[in-house]
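**Student:** Take a look at the letters that make up each chain.
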Amino acid sequence: MSSPRTIIALGLEGSANKLGVGIVKHTYPSGITASELAPQYEELANIRDTYNPPAGHGFQPRDVAAHHRALILPLLDKALAQAKLQPQDIDCICFTKGPGMGAPLQSVALVARTLSQLWNKPLVGTNHCVGHIEMGRAITGAQNPVVLYVSGGNTQVIAYSQQTYRIFGETLDIAIGNCLDRFARVLKLPNDPSPGYNIEQYAKKGSKYIPLPYTVKGMDVSFSGILSFIEQLAKTQKDKYSAEDLCYSLQETMFAMLVEITERAMAHINSSEVLVVGGVGCNVRLQEMMGEMAKERGGNVFATDMRYCIDNGIMIAQAGALAFARGETTKMQDTWITQRFRTDQVHVAWRD
Amino acid sequence: MADQQEVLRQGAEARIYKTEFEGKPAIAKQRFSKKYRHPELDHKLTKGRLNQEARSLQRCRDNGIKVPRVYHTDKAAATLTIEFIAGPTLKEWVFANTDDQLLKDQMEALGRILNKMHMHNIIHGDLTTSNAIVDQQGELVLIDFGLSQVSPSAEDKAVDLYVLERAFISTHPNSELLFGSVLEAYEKNADEATSAVIKRLEDVRLRGRKRDMTG
Numbered sequence: 001m002s003s004p005r006t007i008i009a010l011g012l013e014g015s016a017n018k019l020g021v022g023i024v025k026h027t028y029p030s031g032i033t034a035s036e037l038a039p040q041y042e043e044l045a046n047i048r049d050t051y052n053p054p055a056g057h058g059f060q061p062r063d064v065a066a067h068h069r070a071l072i073l074p075l076l077d078k079a080l081a082q083a084k085l086q087p088q089d090i091d092c093i094c095f096t097k098g099p100g101m102g103a104p105l106q107s108v109a110l111v112a113r114t115l116s117q118l119w120n121k122p123l124v125g126t127n128h129c130v131g132h133i134e135m136g137r138a139i140t141g142a143q144n145p146v147v148l149y150v151s152g153g154n155t156q157v158i159a160y161s162q163q164t165y166r167i168f169g170e171t172l173d174i175a176i177g178n179c180l181d182r183f184a185r186v187l188k189l190p191n192d193p194s195p196g197y198n199i200e201q202y203a204k205k206g207s208k209y210i211p212l213p214y215t216v217k218g219m220d221v222s223f224s225g226i227l228s229f230i231e232q233l234a235k236t237q238k239d240k241y242s243a244e245d246l247c248y249s250l251q252e253t254m255f256a257m258l259v260e261i262t263e264r265a266m267a268h269i270n271s272s273e274v275l276v277v278g279g280v281g282c283n284v285r286l287q288e289m290m291g292e293m294a295k296e297r298g299g300n301v302f303a304t305d306m307r308y309c310i311d312n313g314i315m316i317a318q319a320g321a322l323a324f325a326r327g328e329t330t331k332m333q334d335t336w337i338t339q340r341f342r343t344d345q346v347h348v349a350w351r352d
Numbered sequence: 001m002a003d004q005q006e007v008l009r010q011g012a013e014a015r016i017y018k019t020e021f022e023g024k025p026a027i028a029k030q031r032f033s034k035k036y037r038h039p040e041l042d043h044k045l046t047k048g049r050l051n052q053e054a055r056s057l058q059r060c061r062d063n064g065i066k067v068p069r070v071y072h073t074d075k076a077a078a079t080l081t082i083e084f085i086a087g088p089t090l091k092e093w094v095f096a097n098t099d100d101q102l103l104k105d106q107m108e109a110l111g112r113i114l115n116k117m118h119m120h121n122i123i124h125g126d127l128t129t130s131n132a133i134v135d136q137q138g139e140l141v142l143i144d145f146g147l148s149q150v151s152p153s154a155e156d157k158a159v160d161l162y163v164l165e166r167a168f169i170s171t172h173p174n175s176e177l178l179f180g181s182v183l184e185a186y187e188k189n190a191d192e193a194t195s196a197v198i199k200r201l202e203d204v205r206l207r208g209r210k211r212d213m214t215g
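So the protein lines, in turn, are chains A and B.
The first sequence: position 53 = 53 (UniProt numbering), numbered continuously.
The second sequence: position 8 = 8 (UniProt numbering), numbered continuously.
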């Protein structure tokens with residue numbers, strides 16, 4: 001039997017308007033062997049700061065990058081202090097390689113490269129989406145779930161097979177979070193703490209179901225038609241439909257579409273577990289509907305709270321540490337960032 | 001009645017029974033309601049898909065596309081009774097097949113059927129290799145038209161093909177080759193409408209790749 005091994009990983013995330021710094025400690029009780037794929041997980045720090053534009057506006061890459069540049073070092077100091085660690089205690093520096101917005105990704109990658117040279121520590125470039133999935137698995141203990149990944153930029157139904165997270169279904173146009181954000185802007189809802197959160201609060205007060213377009217194609221969905229339709233209703237028939245009822249109907253319709261394609265994927269691969277990750281995954285109504293569906297199938301829904309489903313640093317540390325344990329590091333010349341980096345492009349060496 | 005029927009398969013939104021209709025072997029497909037969605041939406045979807053499936057099957061049949069015969073539509077019970085087609089799904093058939101030429105021929109046959117279906121403006125809506133059966137004559141029979149619609153638009157037809165391409169990628173190891181043969185036959189002797197669909201398919205694919213932007 002080999003001796004136990006620990007890995008302490010720092011994770012830096014800034015692919016969109018959240019800046020996150022996280023530190024995770026993995027322990028492999030009998031060393032890193034093929035039979036011991038999942039390490040014991042310990043969270044040492046997970047700190048985040050969100051850039052919020054004024055109500056009625058979206059976030060611009062330049063402003064987001066400036067936010068990240070201004071705050072990353074204070075956040076890093078805070079994370080190290082909270083974890084009671086010195087730079088030399090860190091084994092690897094993980095950063096988001098993509099997908100995401102160019103300028104914010106670049107500003108965080110630059111800090112990662114600098115730290116790597118200052119501290120003489122290896123870098124691990126990480127896929128943001130895989131970060132969400134691995135974090136969800138670590139927190140909930142879900143073994144081999146169908147994953148619904150729903151956020152501002154992504155809407156995907158994913159299942160693991162042969163060391164790849166395969167995309168079974170996805171949006172044919174805009175992401176669900178993008179759709180919710182844009183509708184929040186039409187209603188001039190505040191961006192704090194997030195547009196989607198405020199839509200959710202409005203929806204709770206709604207009760208009248210307004211029929212909206214429902215577009216499912218195989219395991220794919222489309223949201224652009226529903227968005228233009230409801231924007232028109234909100235702009236031209238204000239007296240007829242309340243903002244609360246519009247939010248309620250929008251959620252009911254879009255979430256039903258998501259649950260439907262998730263169920264289809266579960267039937268396809270014969271799984272009864274579903275894991276919801278990404279910022280929209282915090283929505284309690286979505287979790288509830290998913291739970292109802294899973295129950296009918298004799299299974300379970302796994303979801304995480306705001307600390308983990310909203311973009312954060314520790315998820316990058318989590319996925320990066322798993323890859324690092326399998327010997328993966330990213331050479332300095334390969335630490336470029338990319339706006340497009342599909343979930344199924346990552347070789348998942350840490351699962352069998 | 002239902003007790004005497006044998007449940008063949010429980011899908012995501014319907015139970016499939018093996019039954020008989022006027023002495024002929026038949027399939028009864030009963031759609032059930034989903035508790036997770038709003039009752040009004042649920043009713044609209046269940047009813048709409050039952051009707052649409054019956055309508056599209058008939059439309060295919062009228063235009064010489066091999067699909068199961070529709071025997072009976074029971075709206076109250078949300079049940080569609082159709083002809084039973086014996087044979088493996090195309091997915092099972094592909095995995096069991098070892099003859100490369102036969103495989104290529106079958107993929108080309110699929111491409112020709114889809115082109116014909118689209119020429120008659122029928123959009124299947126859920127094309128996968130599980131939604132086609134290889135019957136006793138070795139010919140393909142399309143099934144599962146619950147998500148179908150009638151549309152002349154090149155965009156809808158292109159998305160129909162894109163859904164199939166994605167299904168190939170997530171199900172079959174040599175998907176590129178297989179789907180390539182399907183497309184090749186689909187666009188053989190292409191008329192103007194077919195060329196527009198193929199051109200649109202490029203746009204739909206590109207949209208897919210471009211979309212993966214922010215986390």
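Be a bit skeptical, because a hint or two may be false.
Claimed, not checked - Reference listing, derived: stretches of chain A covered by chain B, where coverage requires no fewer than 3 residues with Cβ under 8 Å from a Cβ of chain B:
#, segment
1, 166-174
2, 215-227
3, 255-263
4, 320-331
Unchecked claim - In silico lysine-lysine, DSS-like type, Cα no more than 27 Å apart, as pairs:
#, chain 1, residue 1, chain 2, residue 2
5, A, K295, A, K205
6, B, K35, A, K208
7, B, K44, A, K205
8, B, K44, A, K235
Claimed, not checked - From the derived model, a few chain B residues whose C-beta atoms are all more than 12 Å from chain A:
#, residue
9, R59
10, D99
11, D135
12, V150
13, E155
14, Y162
15, A190
These are computed hints drawn from the structure, not numbers from a lab.
Using N, Cα and C, we set each Cβ at its ideal position, and we do this for glycine too.
**Student:** Against each hint, give a clear statement of whether it holds in the structure.
**Tutor:** Hints versus structure:
| no. | hint | verdict |
| --- | --- | --- |
| 1 | 166-174 | holds (count 9) |
| 2 | 215-227 | holds (count 5) |
| 3 | 255-263 | holds (count 4) |
| 4 | 320-331 | violated (count 0) |
| 5 | A/K295 - A/K205 | holds (26 Å) |
| 6 | B/K35 - A/K208 | holds (18 Å) |
| 7 | B/K44 - A/K205 | holds (24 Å) |
| 8 | B/K44 - A/K235 | holds (26 Å) |
| 9 | R59 | holds (19 Å) |
| 10 | D99 | holds (25 Å) |
| 11 | D135 | holds (23 Å) |
| 12 | V150 | holds (15 Å) |
| 13 | E155 | violated (10 Å) |
| 14 | Y162 | violated (8 Å) |
| 15 | A190 | holds (23 Å) |
Of the numbered hints given earlier, the model fails hints 4, 13 and 14; all others are met.
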